[in-house]
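Enquirer: Chain by chain, the residues run as shown.
Protein chains: 2
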Amino acid sequence: MFFRFLGIILLTINVFEHSEINLKMQNFTFHNPTKLIFGKGTIGEIGPKLRGASFKKVFMIAGGGSIQKTGVYQQVVASLKRAGIEWSEAWGVRPNPVLSKVREMIQMAKVAGVDAILAVGGGSVIDSAKSVACGYFLNDVWAAYEKHEPVIRALPVYAILTLSATGTEMNGFAVITHEAEKKKWNIYGPALYPRVSIVDPDVQRNLPWSQTVNGTLDALAHIQEFYFMGGDSETTLALDESLCRSMIQVTDKLKRDPKDYGARANLAWAATLALNGISGAGQSSGDWATHGIEHALSAINPDIAHGAGLGVIFPAWITYCQNVNPAIFKRWSKNIWRSSTVAGGVRALKAKIKAWGSPTTLTELGICREQFPEIAANVIQYGMTGNLKKLSQRDIQKILMLAA
Amino acid sequence: MFFRFLGIILLTINVFEHSEINLKMQNFTFHNPTKLIFGKGTIGEIGPKLRGASFKKVFMIAGGGSIQKTGVYQQVVASLKRAGIEWSEAWGVRPNPVLSKVREMIQMAKVAGVDAILAVGGGSVIDSAKSVACGYFLNDVWAAYEKHEPVIRALPVYAILTLSATGTEMNGFAVITHEAEKKKWNIYGPALYPRVSIVDPDVQRNLPWSQTVNGTLDALAHIQEFYFMGGDSETTLALDESLCRSMIQVTDKLKRDPKDYGARANLAWAATLALNGISGAGQSSGDWATHGIEHALSAINPDIAHGAGLGVIFPAWITYCQNVNPAIFKRWSKNIWRSSTVAGGVRALKAKIKAWGSPTTLTELGICREQFPEIAANVIQYGMTGNLKKLSQRDIQKILMLAA
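Line order of the protein sequences matches chains A and B.
Residues in the first sequence are numbered from 108 upward in steps of one, following the numbering used here.
Residues in the second sequence are numbered from 108 upward in steps of one, following the numbering used here.
If you're looking for bench data, these hints aren't it; they were derived computationally from the structure.
It is possible that some hints are incorrect.
Put simply, identical chains are the same to the list, so a pair is met inside one copy or across any two.
As the list claims (entries may be wrong) - With a Cα cut of at most 27 Å, we get these calculated DSSO-like pairs of lysine-lysine:
1) Lys131 x Lys366
2) Lys131 x Lys147
3) Lys366 x Lys176
4) Lys131 x Lys362
5) Lys290 x Lys497
6) Lys360 x Lys147
7) Lys457 x Lys505
8) Lys142 x Lys156
9) Lys217 x Lys156
10) Lys217 x Lys290
11) Lys131 x Lys360
12) Lys131 x Lys142
13) Lys441 x Lys360
14) Lys254 x Lys156
15) Lys459 x Lys441
Excised from the complex, chain A in its bound form (with noise of 0.2 Å):
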């Protein structure tokens, strides 16, 4: 249900009907017009960029405040100011970032008046400001969300990137969530590719660990809803296990020692990757139940980390849905894990999570079995979810208890 809409940028045919499963490359279109720079020192190069575009006043978005500390922010006004670009700021965008913020930025936006949106954070703040970029021009901004409102028109987006995770800063897409209808959704458009994404790995060598892992667990979930449906695409399924592989060692490496940049910086480009459109290439439109399943969880439960939650519901739903594609299943275990069954490629998984200190199970989350059918009602109240298989509420009951 979640990210149903991510056939638009990937897809030409959808194959998936009826629960057959089509295991030949499909068709599909590739088109990420987002200028990403990347590497170290290059925040200063935003104010440019901006006065090379004719803006002239900015929005800009950011969260906590984590920014200045880590002298992100420092770094980008002195650009806007040598570049002679004016700006206004709207602070306080939350992890899993909230319908009535962005409603109230767009507000403001539209008082201060001004060309584009500038994002300088992470994934929340990128989804926000694309909302932002998007309800400028819209009567109610979840209307699009609702798919009530196409997305075809946004203020110009530009992004720098505080903790790579989502992947946002190169594609499409936004996520929110509606807070009193517990709805956590996405929108996409071609309108929301930033025009340009400004990525310093080197601003995310003093994150906690645990965002580090988070960041890791959310790319490599990207990877795996598209690599599941895999077949004959030996292209992209062969990319998506070097881009599997990479990230683990580097988070390996970061666990060693957090200020590496060359691990933070492979991590960084390896998680832009996996949702730029190059990671699900003939895969289809991907799976997405797992995902679906975790924006349940933190719909009910904000206070649950997206990666953190996906950590715990990915090695779930591979132990349910291992014998739809046993042969994918199978060359994941084997290429990723170095194991010769499904079972010891899930406990390898299992094991490496935990090892990074993140959860393994839902009572770590703080989700008890009583929740289980709210959280699977939630999941499929407009139908079944997921492409490999189609998850009914009782299935998604099953993969909860996998999960508990």
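Given chain A, put chain B in place with the hints provided.
Expert: Just chain B, lined up with the frame of chain A:
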């Protein structure tokens, strides 16, 4: 020397100076605005795409007529007619495309008065189309190749690819040969990225086997030009290895069954990724000495297919340069060829090229030792070549000896 401007696309910092190798992941900018439409039966989308962009008349550039035999031409024409797009045609672009033909087509395009260029063919056709597209606005297109004029403006380029090899369908490069001066040179410009490229792998099912292999060898060489500059760019190195292994695997499949759609599609997508910016991210600007040497070979003897030439030169270059960055050559031998030594890796590469029926010696290409000084002089006529190791005329002669 050739591809010396490749850096513009992939590089912010080039630290390869004075033969000091920096093995750290480099800063880079990734910006690839081409819309790639990929898959079976997609050629008919060309008309609607041109109409959607409000073009009325296009200049179609093609090769020797193979597109009529494969039915690609008929599909294109039918789509243009349905969409109400007018066109005029220029035929006769040959492999190793030449300046005289480009100049002739620029005049034709000016007389016809067109909105856009439509290339229908392989890399030679698309590179000629790009040259016409920018030459349309220049006094002399060769001035751009000589770097006396920047490539700023170009007619929009649309491409229908019929032979996966050069990657030109998704990058801003073009290579042509000045016959009289025996210069096979390149240009780069953001304006040269095709607006839309359509890759239908199915139309490659009846290609002569040698063309399929030359495509694979060209794409493998593109990856290797970046890969051997590698150090700690784990994400890019692992991705490059996965692309190489996939291409080798699906080329083997095509040898058994040239009509295997899955293998064609995977080869086509890998060849695009080999030179669209992904394969070299963080790897400085690449080495490109092997391309430089090959370009000299085919500037001197235009009958040498680019891929075949690269297949002969690359093993010799690896053998000659392996001690400059020993870790990466060992890694390549182990991860691509399962060999513990570089000599073993080179032997395996040559055995594979031979098994595919392609030449592994200059003798087989019709080049004799007496020509080595002339070739080496051609390569370094404007200075030493190569970024991993700067090669002198003497170095190049030694490499040619190894390839004899």
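Enquirer: Now look at each hint and say whether the structure bears it out.
Expert: To see whether the hints hold, each was checked on the structure:
no., hint, in the structure
1, Lys131 x Lys366, "between (42 Å within a copy, 15 Å between copies)"
2, Lys131 x Lys147, "between (40 Å within a copy, 12 Å between copies)"
3, Lys366 x Lys176, "within (16 Å within a copy, 59 Å between copies)"
4, Lys131 x Lys362, "between (38 Å within a copy, 20 Å between copies)"
5, Lys290 x Lys497, "within (20 Å within a copy, 59 Å between copies)"
6, Lys360 x Lys147, "within (19 Å within a copy, 42 Å between copies)"
7, Lys457 x Lys505, "within (18 Å within a copy, 53 Å between copies)"
8, Lys142 x Lys156, "both (10 Å within a copy, 23 Å between copies)"
9, Lys217 x Lys156, "within (23 Å within a copy, 35 Å between copies)"
10, Lys217 x Lys290, "within (26 Å within a copy, 57 Å between copies)"
11, Lys131 x Lys360, "between (36 Å within a copy, 15 Å between copies)"
12, Lys131 x Lys142, "between (31 Å within a copy, 22 Å between copies)"
13, Lys441 x Lys360, "both (22 Å within a copy, 22 Å between copies)"
14, Lys254 x Lys156, "between (33 Å within a copy, 26 Å between copies)"
15, Lys459 x Lys441, "both (15 Å within a copy, 26 Å between copies)"
Hint violations for this structure: none, all hints satisfied.
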